[in-house]
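K.L.:
Starting from the given sequences, assemble the full structure and let the hints guide the process.
Sequence order for the protein chains is A and B. According to the working numbering, the residues represented by the first sequence are 1 to 258, in order. According to the working numbering, the residues represented by the second sequence are 259 to 434, in order.
The hints are simulated quantities; they were obtained by calculation from the structure and are not laboratory data. Virtual Cβ for every residue (Gly too), placed ideally from N, Cα, C. Hints may be right or wrong, so weigh each one.
[Claimed, not checked] Distance ranges between label pairs, derived from CB positions: (1) B:ARG301 / A:SER87: 37 to 45 Å; (2) B:GLY399 / A:ALA91: 53 to 61 Å; (3) B:GLY399 / A:ARG23: 13 to 21 Å.
[Claimed, not checked] Chain A side only, calculated, beta carbon under 10 Å to chain B, not exhaustive: (4) ILE6; (5) THR7; (6) ARG40; (7) SER54; (8) PRO57; (9) ARG76.
[Claimed, not checked] One-sided and incomplete, this derived list gives chain A residues near chain B with beta-carbon spacing under 7 Å: (10) GLU8; (11) LYS46; (12) ARG71; (13) ILE72; (14) ILE73.
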Amino acid sequence: MTDHPITEDDLHGYVDGVLDGARGAEVAAYLQDHPDVAARTVSYAKQRETLRASLAPIAEEPIPLRLNIGRIIEARRGPRISKWVASLAAALLILIGGAAGWSLRSAVQPASEGVLALAQEAGDSYSVYAPDRVRPVEIRASEAKELVNWASQRLQRSITVPDLASSGYRFMGGRLLSTPHGPAVMFMYDDDRGTRLVVLTRAMTVDQNMPMVPHARGAVNGFAWADNGVGYSLVGPAAPDVLHSIADTVRDQVKRGI
Amino acid sequence: MNDMLRLIEPLIPSLRRYARALAKDRAVADDLVQDCLERAVSRWHQRRLDGDARTWIFTILHNLAISRFRQTAFRGNHLPLDDADDSALGQPASQEDQLTYSEVLDKVSQLPEEQRGVLLLVAVEDLSYAEAARVLDIPIGTVMSRLSRARERLLTLMEGGGERVVPLNPQLRRVK
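P.N.:
What follows is the structure, encoded as C-alpha cells:
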C-alpha cells in the first residue's frame with residue numbers, strides 16, 4: 001500500500017480499466033476491506049456493462065447509404081470539379097464570345113467600313129426614299145444624262161446607270177446622297193406593281209474588290225459588292241434569289257461599262 | 259482523401275451509437291452523424307495534425323448534437339411514430355436481468371445532458387478521461403465529477419425505475 005489514499009477518481013478509473021497495474025492492485029485491495037464501497041463499485045461496473053451491451057447493437061447496424069463516407073467525400077469533391085469545369089466553361093464562353101463577337105463585329109454592330117457599311121447605307125436609303133410618294137428621286141429618268149454627269153463628277157469616276165428592264169424594272173431616276181464614306185449616288189427602279197429597288201454606289205476605300213455578299217433587313221433584301229474601288233449595293237423587297245440575279249445583271253453591266 | 263476515408267470510416271458505428279444514445283431517435287441521430295461527417299470532410303484540412311481524429315470528430319458530433327438540442331428544447335422531444343415503431347421492433351431480445359435497448363436509452367435520456375455525454379464517451383465509446391475533456395471542452399476534474407454524478411443518478415434511475423426520484427428533465431433545464 002502506498003501513501004496515496006484511494007479517491008473517487010480511482011474507483012471510476014478502476015471500473016473503466018484505465019488504472020495502471022500497481023494502482024489497480026491497490027484499489028482492489030482497498031475494496032476487499034471496504035465492502036460497501038466495493039458494492040457501489042460493482043454496480044458501476046455492472047451499469048457500464050449494461051450500457052455497453054444494450055447500445056452495442058446500434059454500432060452493429062448496417063451503415064445507411066447517406067452515412068457512407070466515400071459518397072460524402074465524392075459529393076463534396078463533385079461540386080468542386082463542376083465548379084472548376086464551370087469556371088473553365090465560363091472562360092471558354094468568354095473567349096468564344098469574344099472571338100465570335102470580333103468576327104461578327106460587322107454583322108452585329110453597325111458596319112463602319114467596307115461593303116457591309118455600303119449595304120447598310122443602301123438599306124437606309126431604301127427605307128427613306130422607296131416609300132416616298134412625293135419625290136423619291138431628285139433627278140428623274142428623263143434627265144438621266146444630267147444625273148450621270150453630276151454623279152460622275154462628285155464621285156470622280158465614270159458612272160453608268162444599270163438597265164434592269166430585262167428584269168422588269170424601269171429606271172425612275174436618282175439622287176446624290178451623303179454617307180460617312182463620302183458622296184454616293186442612288187438609282188431607283190420600279191416594276192409594274194410599283195415595287196421599288198434601289199442601287200447605291202460610291203467609292204470604296206475599304207473592300208475595293210469584294211465578292212457579292214447578301215444582306216437583309218426584315219423583308220428587304222440586298223446584295224453588295226465592290227469592283228475596282230467602286231462599291232454597289234442593290235436593295236429591294238424581292239426574294240433573295242430574284243434579287244441575286246438582278247444584282248448579277250447590274251454587276252455585268254458595270255463591268256462591261258468599265 | 260484516402261486518409262480521411264481510412265481514419266473516419268471505422269468511427270462511423272461509434273458515432274451513430276453516441277448520437278443515438280444522445281438523441282434517442284434514430285433519424286435525428288443519423289441526421290447528426292451525417293452533418294458531422296459532412297463537416298469533418300469539409301474541415302479535414304483544418305484538423306490539427308498532432309490531434310487524434312477520433313477526438314476531433316467526436317467533438318464535431320457532440321457540438322452539433324448540443325446545438326440541435328438547444329434548438330429543439332422549446333419544441334420538446336420530437337419522436338416520429340415511424341421511428342418509434344422501428345426502434346421498438348429493432349430492439350434485441352431482452353434478457354431477464356438486463357434492461358432492454360430502448361429502456362436503457364430511455365434511462366440515459368433522463369440524465370442531464372452534460373452527464374449523459376461524459377458517461378457515454380467514457381463508459382461506452384472508450385474515450386480516455388483526457389479525450390472526453392477535450393471533446394466536451396471542460397477540465398478533466400469536471401469530467402470526473404460529472405462521471406461520478408452520472409453513474410450515481412443512472413443507478414437510481416435503473417433501480418428505482420425513475421419512480422422514487424423525480425428526474426430532472428434535461429429539456430426543461432435548458433429553458434431558463
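K.L.:
Determine for every hint whether it applies to the structure shown.
P.N.:
A quick look at each hint next to the structure:
1. B:ARG301 / A:SER87: 37 to 45 Å: Violated - the Cβ-Cβ distance for ARG301 (chain B) and SER87 (chain A), about 23 Å, lies outside 37 to 45 Å.
2. B:GLY399 / A:ALA91: 53 to 61 Å: holds, 58 Å
3. B:GLY399 / A:ARG23: 13 to 21 Å: At 18 Å between Cβs, range holds.
4. ILE6: Given a least distance of 14 Å, the restraint on ILE6 (chain A) is violated.
5. THR7: With a closest approach of 9 Å, the THR7 (chain A) hint holds.
6. ARG40: holds, 8 Å
7. SER54: holds, 4 Å
8. PRO57: This interface hint holds because 5 Å falls under the 10 Å limit.
9. ARG76: holds, 5 Å
10. GLU8: Because about 6 Å separates GLU8 (chain A) from the closest Cβ in chain B, which is inside the 7 Å limit, the hint holds.
11. LYS46: Because about 9 Å separates LYS46 (chain A) from the closest Cβ in chain B, which is outside the 7 Å limit, the hint is violated.
12. ARG71: violated, 10 Å
13. ILE72: holds, 5 Å
14. ILE73: Constraint on ILE73 (chain A) satisfied, holds at 5 Å.
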